[in-house]
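Trainee: One-letter residues, chain by chain:
Protein chains: 2
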Amino acid sequence: MSTDTNADADDESTSKCGASSTAETETETSSGSKCGASSSDPDGSDDSSSSKCGASNSDSSSSGSSCGASSSDSDDDSSTEQEVGATIEDFEADPGQLIAVGLGPGHAEGMTERAKNALLDADHIVGYTTYIELIPDEITEQADEIYDTPMCGEVSRTEESIDRTLAGNDVAIVGSGDPNVYALAGLALEILESKGATASMVDFDVVPGVPAAQSCAARLGAPLVNDTVSVSLSDHLVPMPEIESRLHSVASENFTITIYNPWSRKRRENFQKCCEILLTHRDPDTPVGIVHGAGREDEQVMITDLDELEDLGESEIIDMTTTIVVGTEDTYVWDDRMVTPRGYETKYDY
Amino acid sequence: MSTDTNADADDESTSKCGASSTAETETETSSGSKCGASSSDPDGSDDSSSSKCGASNSDSSSSGSSCGASSSDSDDDSSTEQEVGATIEDFEADPGQLIAVGLGPGHAEGMTERAKNALLDADHIVGYTTYIELIPDEITEQADEIYDTPMCGEVSRTEESIDRTLAGNDVAIVGSGDPNVYALAGLALEILESKGATASMVDFDVVPGVPAAQSCAARLGAPLVNDTVSVSLSDHLVPMPEIESRLHSVASENFTITIYNPWSRKRRENFQKCCEILLTHRDPDTPVGIVHGAGREDEQVMITDLDELEDLGESEIIDMTTTIVVGTEDTYVWDDRMVTPRGYETKYDY
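Chains as they are written, first to last, in full-length UniProt numbering: chain B, 1 to 350; chain X, 1 to 350.
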């Protein structure tokens, strides 16, 4: 498995940026590593960093920042001369356009035409390094600047994208999956508001992408064709009791449940608790699909059942890049595919 | 509004195919129209038809079927000579490949590269006429045959696609949105199983697309960035008490709720009931986003609140092509955008 996709989000809050995190998810003793990693949540969220690294001024004079933020064009500092924390009053230029672009699953073929065009139109492309690497070279080569932070926080990166927009550039901030799924579209609006700017002022737009729930479901067969719910087990921004309450409420109804951010070293109890709650309401033989690194080189797919799920928490297949699909009482496994009937069989003879 | 996108799914079960349904959603007195329409559910599902029209043998000798099924190449009957209801034993050829392809939002730019390539590789493309029309001409022109049914059922169409596959053709069955969201991926697997075939035998695959929830959320701002749920109000395949129970369970938790298939003439009580349940658990001023015909020519976007929602059931903006996003207690409207905070504001100073 690649280091990028094994990063453990919760570590970042106590770590420094700029250093790589070498397989720390698998190695308990490496927890003191620097730049403990941003989340590599398959929908583009990395809701982990409390550090401000990456949001440091990316002016060419500070290109050696401790955060590892890189600019592909260090000679061009015209757009990046604002201090972080700047408000709308600090910018004299007419604002550019800000677009949150979802890249979809991990391969370039999973992008929409609209996402490609939005990236081609952008002056600057901002994103977590792993996601920037998903973008075909012919697109990134067209940009004036690429601002990527290898293992740093999304708050600072999003602020950077906004400052660059307010300084007059057309900016695309990218994530995998969809910008609305545990991802940066909302944060961009919140930061815009905090700066005294408006969404209209920067012509803010969202280019949707295929979310992890759907790209993973596609790998598993047809598990999500009825009412369905997404729950993230990350308690960095949502208290665990609230997550537990949500799990109880949906597990007792016949929803399929897609679990994002299922596991990290700091969150092993959350995963355990989730499995317990699911087993309180559903049979141990309820089918469960697991997709690790969907659309990426290290993709792994497994279909198991609820009874086996908890033990897999310690295995390589479940980490922050994994999406888990829990079937309903109607879901069955057939020819290595998960199928949740839509209900046609109650009406039709086939 | 276009007639295609106003079709009322529930009418089809009592109607004949082949005729158009002229704005019947708006005109109570037109309920006796022929071929009462398939659903134009924005995620590709049309879970409405109990008629078998459209599944009639599309051999060139029967191309004048009453269903309106058309074949773009009536001289080629080699692949379509099987009777509907055929099982795997009735086919002598080596099966082709069957791919369920999600077209994403209603415009061609919303398709992924992978979806385009899958369609270009297919011998036959099968789908509801409205969806076939979303595919660029340069793709449909490459296909040997296009099988589209203008207002008929998805069960027969899906069976048609499977029979064509088992007869040796590489077939793509298409829908808008994603094939896993209230759509045909599951039905295809169920029908394959009923015919004694297997998914492996036809190398069944799903090409995911951007679901309506995400394409609509993108139009509204950033309403879905936390835990979220999708519920369809169509009780054609799921009993209404079950839908009500699900709504109660998720409305009492802090999920955003995306409502599919919110309204039809035959289902006005479902919409009313849904509004009542939501108001039992959430404030009347909870923001609600409404997107009609996302990505299509007749797209309309409105942001309102829960208190106003019920009255809009009778208005043009809410029909079977509409997706409704109900905010949480944290969701707010800012600069004409719905924003559901991810929770960053509890941890970060910006």
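Worth flagging that the hints you see were computed from the coordinates, not collected in a lab.
Please note that the accuracy of each hint is not assured.
In this list, chains with the same sequence are indistinguishable; a pair is considered to hold if it fits within one copy or across any two.
Claimed, not checked - Derived SDA-like pairs: lysine to any residue, alpha-carbon spacing no greater than 20 Å straight-line:
hint : residue 1 : residue 2
1    : Lys273    : Pro241
2    : Lys347    : Leu237
3    : Lys347    : Ser194
4    : Lys347    : Gly85
5    : Lys347    : Glu308
6    : Lys266    : Gly313
7    : Lys347    : Pro241
8    : Lys266    : Lys347
9    : Lys273    : Asp311
10   : Lys273    : Glu141
11   : Lys273    : Asp298
12   : Lys266    : Asp123
13   : Lys273    : Leu312
14   : Lys273    : Ser194
15   : Lys266    : His248
16   : Lys266    : Thr328
17   : Lys266    : Glu297
18   : Lys273    : Asp94
19   : Lys347    : Ile146
20   : Lys266    : Asp311
21   : Lys266    : Pro341
22   : Lys273    : Thr304
23   : Lys266    : Pro241
24   : Lys347    : Glu193
25   : Lys266    : Leu306
Trainee: All the hints need checking, so say for each whether the structure fits it.
Mentor: Here is what the structure says about each hint:
1. In this assembly of identical chains, the alpha carbons of Lys273 and Pro241 lie at most 20 Å apart only when taken from the same copy (10 Å versus 30 Å across copies).
2. In this homomeric assembly, Lys347 and Leu237 come within 20 Å of each other (Cα to Cα) only across copies, at 7 Å, whereas the closest approach inside a single copy is 44 Å.
3. In this homomeric assembly, Lys347 and Ser194 come within 20 Å of each other (Cα to Cα) only across copies, at 14 Å, whereas the closest approach inside a single copy is 53 Å.
4. Taking the closest pair of Cα atoms, Lys347 and Gly85 come within 20 Å of each other only across two copies (16 Å); inside a single copy the shortest separation is 60 Å, beyond that limit.
5. Neither within a single protomer nor between protomers do Lys347 and Glu308 lie at most 20 Å apart by alpha-carbon distance, with minima of 34 Å and 35 Å respectively.
6. Taking CA atoms no more than 20 Å apart as the test, Lys266 paired with Gly313 passes inside one copy only; the shortest distance there is 12 Å, against 47 Å between copies.
7. Taking the shortest alpha-carbon separations for Lys347 and Pro241, only the inter-copy value of 18 Å comes in at or below 20 Å, while the best intra-copy value is 41 Å.
8. Proximity of Lys266 to Lys347 under the C-alpha cut-off of 20 Å is restricted to the inter-copy arrangement: shortest distance 18 Å between copies versus 48 Å within a copy.
9. In this assembly of identical chains, the alpha carbons of Lys273 and Asp311 lie at most 20 Å apart only when taken from the same copy (12 Å versus 42 Å across copies).
10. In this assembly of identical chains, the alpha carbons of Lys273 and Glu141 never lie at most 20 Å apart, being 46 Å within a copy and 53 Å across copies at closest.
11. For the identical chains of this complex, Lys273 and Asp298 are neighbours neither inside a copy (27 Å) nor across copies (46 Å), given an alpha-carbon limit of 20 Å.
12. For the homomeric pair Lys266 and Asp123, neither the shortest alpha-carbon distance inside one copy (38 Å) nor that between copies (50 Å) is at most 20 Å.
13. For the homomeric pair Lys273 and Leu312, the shortest alpha-carbon distance inside one copy (14 Å) is at most 20 Å, but the shortest distance between copies (41 Å) is not.
14. Taking the shortest Cα distances, Lys273 and Ser194 never come within 20 Å of each other, neither inside one copy (36 Å) nor across copies (38 Å).
15. For the identical chains of this complex, Lys266 and His248 are neighbours neither inside a copy (22 Å) nor across copies (33 Å), given an alpha-carbon limit of 20 Å.
16. For a Cα distance limit of 20 Å, the shortest separation of Lys266 from Thr328 qualifies neither inside one copy, at 29 Å, nor across copies, at 28 Å.
17. In the homo-oligomer, the alpha carbons of Lys266 and Glu297 never lie at most 20 Å apart, since the shortest distance is 26 Å inside one protomer and 48 Å across protomers.
18. Within a single copy, Lys273 and Asp94 get their C-alpha atoms no closer than 50 Å, and across copies no closer than 48 Å, so neither meets the 20 Å cut-off.
19. Taking identical chains as interchangeable, the C-alpha atoms of Lys347 and Ile146 are never at most 20 Å apart, the minima being 54 Å within one chain and 27 Å between chains.
20. In the homo-oligomer, the alpha carbons of Lys266 and Asp311 lie at most 20 Å apart inside one protomer (17 Å), although the nearest pairing across protomers, at 48 Å, exceeds that limit.
21. For the identical chains of this complex, Lys266 and Pro341 are neighbours neither inside a copy (36 Å) nor across copies (24 Å), given an alpha-carbon limit of 20 Å.
22. In this homomeric assembly, Lys273 and Thr304 come within 20 Å of each other (Cα to Cα) only inside a single copy, at 18 Å, whereas the closest approach across copies is 37 Å.
23. In the homo-oligomer, the alpha carbons of Lys266 and Pro241 lie at most 20 Å apart inside one protomer (16 Å), although the nearest pairing across protomers, at 40 Å, exceeds that limit.
24. For the homomeric pair Lys347 and Glu193, the shortest alpha-carbon distance between copies (17 Å) is at most 20 Å, but the shortest distance inside one copy (51 Å) is not.
25. Taking the shortest alpha-carbon separations for Lys266 and Leu306, neither the intra-copy value of 22 Å nor the inter-copy value of 39 Å comes in at or below 20 Å.
When the structure is compared with the earlier hints, violations turn up for hints 5, 10, 11, 12, 14, 15, 16, 17, 18, 19, 21 and 25 and for no others.
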